[in-house]
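2 protein chains.
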Amino acid sequence: MTQPASLLVVRSVAELRAAVRDWKRQGLTVGLVPTMGALHDGHLALVREAVQHADRVVVSNFVNPTQFAPTEDLARYPRQQAEDARLLSGVGCPLMFAPAPEDMYPEGFATSIAVTGPAMGLEGDFRPQMFGGVALVVTKLFNQVQPDLAVFGEKDYQQLMVIRRFVRDLDLPIDIVAVPTQRDEAGLALSSRNAYLSQDELAVARRLNRILAAAAADAASGRPLPGVERDAYAAVLKAGFERIDYVAVRRAEDLSVFRDGVVDAPARILAAAWLGKTRLIDNLAV
Amino acid sequence: MTQPASLLVVRSVAELRAAVRDWKRQGLTVGLVPTMGALHDGHLALVREAVQHADRVVVSNFVNPTQFAPTEDLARYPRQQAEDARLLSGVGCPLMFAPAPEDMYPEGFATSIAVTGPAMGLEGDFRPQMFGGVALVVTKLFNQVQPDLAVFGEKDYQQLMVIRRFVRDLDLPIDIVAVPTQRDEAGLALSSRNAYLSQDELAVARRLNRILAAAAADAASGRPLPGVERDAYAAVLKAGFERIDYVAVRRAEDLSVFRDGVVDAPARILAAAWLGKTRLIDNLAV
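Chains as they are written, first to last, in this note's numbering: chain A, 46 to 331; chain B, 46 to 331.
Hints in this document: simulated from the structure, not taken from any laboratory. For glycine and all other residues, C-beta sits at the position ideal for the given N, C-alpha and C. One should not assume that every hint holds.
Stated by the list, open to error - Label-pair restraints from in silico Cβ distances: (1) B/ALA59 <-> A/PRO146: 32 to 40 Å; (2) B/ALA145 <-> A/ALA310: 26 to 34 Å; (3) B/GLU60 <-> A/ALA231: 51 to 59 Å.
Chain A with its partners taken away, still in its complex shape:
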């Protein structure tokens, strides 16, 4: 496979489509990695995976306002497009698509997408705007790029399930590829929001994955889930988190609850907790 040497940064859908059309005319396949920028090794792992599956990879870099509630961190979300472009040119990505918010959502914009099923509960309870916003921007990006496949991380596990759901429901002709969560040497899930953490907070944050791993083992042993979740909740607070949105074990397939209160099918443990103004999420297979 030949790789273009340099990274093209495009801001308009017209330029984007011209580049993709060119590739398709050459019979090349196209992969998309949607991001909100502030790229770290977790994103680069997605790009490397995309490069394995597609001849050309587009990375979109867009902090999507429709998935943030007014109270959330849209304004302070880290933005570093020049650095992002530098990182991408090192991993075989030929095109970064960085549209302007006013081009994505021009005046008169009137369409929204809602997802139930896997979008209900967990993040859906605490960030009710998010999955609709994600479904909208991902649908737009899919239609703008028209890739053969798109790559998402398991770090946002519920988001991944939601995306698989609406891709199937809307018949979007795109394969969804999932990549395991990338972690630092202490097991902390890589996240653009880790940049908000002080050194002390970082030390606390690094305990989350171990607590979840212990709870996952506990759940896998057949212990009733209310006890598993209660103990994990207490352990997360004891580790130094100030507030917990949820710690929950759910069916891996669709994030529905285990009605009998024990794990009797593939499962996932998921958590969201706060350190100061920073909200961290993580999840593991049970």
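Please build the complex by placing chain B on the supplied structure of chain A, with the hints as guidance.
Then chain B, alone, in the frame of chain A:
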């Protein structure tokens, strides 16, 4: 342009996509005409228009449950797929796509689309489920077929505006082509629901377009719209309609109201009225 002699009827997305892929490999362009079947000359005009713009035309034939309210005429909506297929083979359509409801909306389906803007008011007030259902099924059909263009009738003028809106908002890479309303010799807009009308009701129905034409001339003359609409409303009742949902003059571009109460830009007059259990709609340029 060569035309295949016979009509293929396919029921699965896999078969549909295989046929379309085949055409695209040959470099042929593809047009889509979404219908709910019960085809009449109005639909055939859409197909003939599509044939002018695309090398191959797919007509979808699906009575979409998500755009009917529980109280509406989903169950009695006319269905005549064999006759539809016969009609289509006469106008150069090589493929009718007639999916099953359980394949379009399988168990676990969890996605919906909402449109504001041009979907607000008029039909949106009286059939609140409709445009969301239309947006959903049309988005699905667009993603299933992946046509270069799709053809819709001006008969459903507000629907046409809604479709143009969400196609732009979701960046669907499909050209929307509009076709003027087809009418019978008395000017009655052709509609599958005309089949519900008795002979007496038909005579009344045929008066609607003339009343709207007179009102449109009235509005175009600069007369204040409240008076125009009030007189048209009275005339529709006097003609024999039993109930009126709306008679309204709106901006042609986005169906917003004329704030100053007079026509000072391209306009459209739109109406919905009842004869027995049958609801008829029509519209004309002002």
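Results of checking the hints against the structure:
1. In this structure the supplied range 32 to 40 Å holds for B/ALA59 paired with A/PRO146, their Cβ-Cβ distance being about 38 Å.
2. Taking 26 to 34 Å as the suggested C-beta distance range, the pair B/ALA145 and A/ALA310 conforms, at roughly 29 Å.
3. Under the hint 51 to 59 Å, the C-beta atoms of B/GLU60 and A/ALA231, about 52 Å apart, fit the expected range.
In summary, this structure violates none of the numbered hints.
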